[in-house]
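J.: This is what each chain is made of:
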Amino acid sequence: MAKILIVDDDQTIGFMLRDILEFNGHTVTVSQQPRKTKENILENDIELILLDKLISGVDGTDVCAQLKQDEAVKDVPILMMSALHNVGEICKSAGAVDFISKPFDMDTLVAKIDDILEKYPSN
Amino acid sequence: MMKQDLRIKELEQELAKREEEIEQLKNRNYALADSISGLKDEVYKYEELVHSSKSLIAIFMGEDHVIDIANESIREVWGKGHDVIGKPLLELLPELKSQGIKELLDQVYQTGIAYHADELPIELVIDGKPEIRYFDFTYQPQKNIDGEIIGVADIATDVTKQTLLNKKIKKNGKEFRELVNFMPHKITHSDPEGNTLYCNQSWLDYTGKTEEQFIEEPWTSLIHPEDKAETEKMVGKSLGDGSEIDLEVRLLDYNGEYKWHLCRATCVKDEEGNISSWISSSTEIQKLKEEEELKEGFLKLVSHELKTPVTSIKGYVQLLLSILSKESSEVNKSVSVKPYLNRIETQVERLIRLISEMLDLSRIEQNELKLKPETFNINQHVEEIIEDITFSNKEIQIKLDNHFECDVSADKDRIGQVIINFITNAYKYSPEDNRVDVKIWKCDDEFVAITVLDHGIGINQNEIHQIFKKFYRVPGDRDETYAGFGIGLFLSNNIIERHNGKINVKSEFGKGSEFTFTLPIKQTN
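Protein chains in written order, with full-length UniProt numbering: chain A, 1 to 123; chain B, 1 to 525.
Everything labelled a hint here was simulated from the structure, so no lab data went into it. Beta carbons: idealized from backbone N, C-alpha and C, even for Gly. Treat each hint with caution, since some may be false.
To be verified - Here are the computed lysine-lysine pairs in the DSS-like style, where the Cα-Cα straight-line distance is at most 25 angstroms:
#, chain 1, residue 1, chain 2, residue 2
1, B, Lys370, A, Lys92
2, A, Lys92, B, Lys412
3, B, Lys428, B, Lys511
What the hints assert, rightly or not - Footprint (simulated), chain B over chain A, 3 or more residues, beta carbon under 8 angstroms:
#, region
4, 3–15
5, 19–26
6, 98–108
Stated by the list, open to error - Per label pair, the in silico range of CB-to-CB distance:
#, chain 1, residue 1, chain 2, residue 2, range
7, B, Arg353, A, Asn44, 29 to 39 angstroms
8, A, Asn44, B, Gly416, 33 to 43 angstroms
9, A, Ser56, B, Leu179, 49 to 59 angstroms
10, B, Lys338, A, Asp114, 23 to 33 angstroms
This is chain A alone, in the form it adopts within the complex (with noise of 0.2 angstroms):
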């Protein structure tokens, strides 16, 4: 089980997929402020990140690609979510490994985590 950070701005998705990743035995830090990503990864040493590709004023795939470039962060895997399907090779290209988009099925996200996790294991 890992310890996986949520990077959205809408708070009733974050708790939403706070409380799913928690049954599932994960330990989940909910996050509304995406400039913080990296001290929130440091701080509570973060496996994995599920990071909104629309947060107010911000736009996730930058985000993203900042933390690709940074070397302290740089190797926790993204995996980024968005109401619009038609996004994901942005993400991708942004240097997300995964993407999935809204409303998404519990048992793919969930799927898609473990597979995450199984290819890119913390050190």
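Could you slot chain B onto chain A? The hints should help.
T.: Just chain B now, with coordinates in the frame of chain A:
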């Protein structure tokens, strides 16, 4: 005796001379008779000519303008019989006195100078009623052998019909121009090369130019730089082949602002089929464009905003279902919560589908619906979709027949959307029969076909061509029974067309429907 003989001889000579003279006189008499007969012929011909002429002919003698000759045509116009001869014209037709006719006749009679008029209106009293007639006519002075003026000939043509027609055309032309100026549309009339000959008031108001400026300056200078190349290309083509022009361009107004216009132009051809001119109409559609963009933006926003709470509800429903299955032994078994949650989930799925349709619709309208083609096995895809549908809806009975197997290159999700749309429609419109048959078969060497058949309410023949229209709903009181926005088939049709496939519908009212779509075969398995 000598003397007597001489006298006799003289008399004989005299007699012979007389006889010769008589002979000559006889001959002359014959010649005169011939001449008279010839003259009579001439007069007859002349009278025939005058009387049978369609032109109105009369001769008025003396200063009182006494009618000497009046042919049938002129008598008809006057509404009089043969008894007009010998009567002064102005006594016969007193209504002419107040119309300056007497003065004209007097003038010609006195000066010997002919007078000619075109389309002169004259009021005549015909059958007791005043009536205006129009005439082209000449008053020609008539002279005797000594060159003295003895009368006036009137040679006229009744042009009432033509004049009234001309007046009507002129009036129509004027009214038409006023109409064109009154219209909010911008209208031009151009020569075959596209040079403006006329523009209406609306153009002048919009551009702030005078008519001379508008005609002199090339109209292409009004087009937005981004629209110019496309417009010039299309106009160039049309000027060449006479095809109609129909495009949306931004045009510069007097304030220096560009506004969207729908511009249409069509050519006018002469009898030989050559282009003689162009007529164009430009209608401002700026507000429409703005509203359309607003509407699209709003639709996008609404669907996006709706997705957040729906995502949350769906997540919690699934979490609860998951908890229930894991901890089923610990939950109070007397209350069966799971079916309720399943129902909530089904409804949430339906809500999600509707929201997605709305989003797809705005994407199609803004040309943003992008396909992501991949190669996949169509049979397997259909099978998976049927499994998903039957998993969430236990009542539906779907039978799959694979008559043919192949791979296709298509957007897997979008094709899935079409299959789901067909199957859910089949189920939705079959309230009394849950069976849905799905068949995959070879349409021809190039296309695979997927048919979805139901045993439901069917479609009226006159509705079949309507069902692919955006927002089309089955009419009448059935609306409430069959929920939806009327977007599903519109989207399906658009998706299949963009894959170069076709949708075909067969249906019998009250018996069921058969929806088929085709896709190009990538590879046969």
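J.: Run every hint past the structure and note whether it holds.
T.: How the hints compare with the structure:
Taken as a hint, the Lys370(B) and Lys92(A) pair is honoured in the structure, with Cα atoms around 17 angstroms apart against an allowance of 25 angstroms. Note on Lys92(A) and Lys412(B): the hinted pairing holds, with a Cα-Cα distance of about 19 angstroms set against a maximum of 25 angstroms. For the proposed pair Lys428(B) and Lys511(B), the alpha carbon gap of about 14 angstroms is at most 25 angstroms, so the pair holds. Evaluation of the coverage hint for the region 3–15 of chain A: fulfilled, as 3 residues show C-beta separations to chain B shorter than 8 angstroms, against a requirement of three.
Evaluation of the coverage hint for the region 19–26 of chain A: fulfilled, as 3 residues show C-beta separations to chain B shorter than 8 angstroms, against a requirement of three. Residues of the region 98–108 of chain A with a Cβ under 8 angstroms from some Cβ of chain B number 6, which satisfies the need for three, so the listed coverage holds. A beta carbon spacing of about 37 angstroms between Arg353(B) and Asn44(A) agrees with the range 29 to 39 angstroms that was offered as a hint. At roughly 38 angstroms, the beta carbons of Asn44(A) and Gly416(B) sit within the given window of 33 to 43 angstroms.
Checked against the hint of 49 to 59 angstroms, the pair Ser56(A) and Leu179(B) passes, with Cβ atoms roughly 55 angstroms apart. Between Lys338(B) and Asp114(A) the C-beta distance comes to about 25 angstroms, which sits within the given range of 23 to 33 angstroms.
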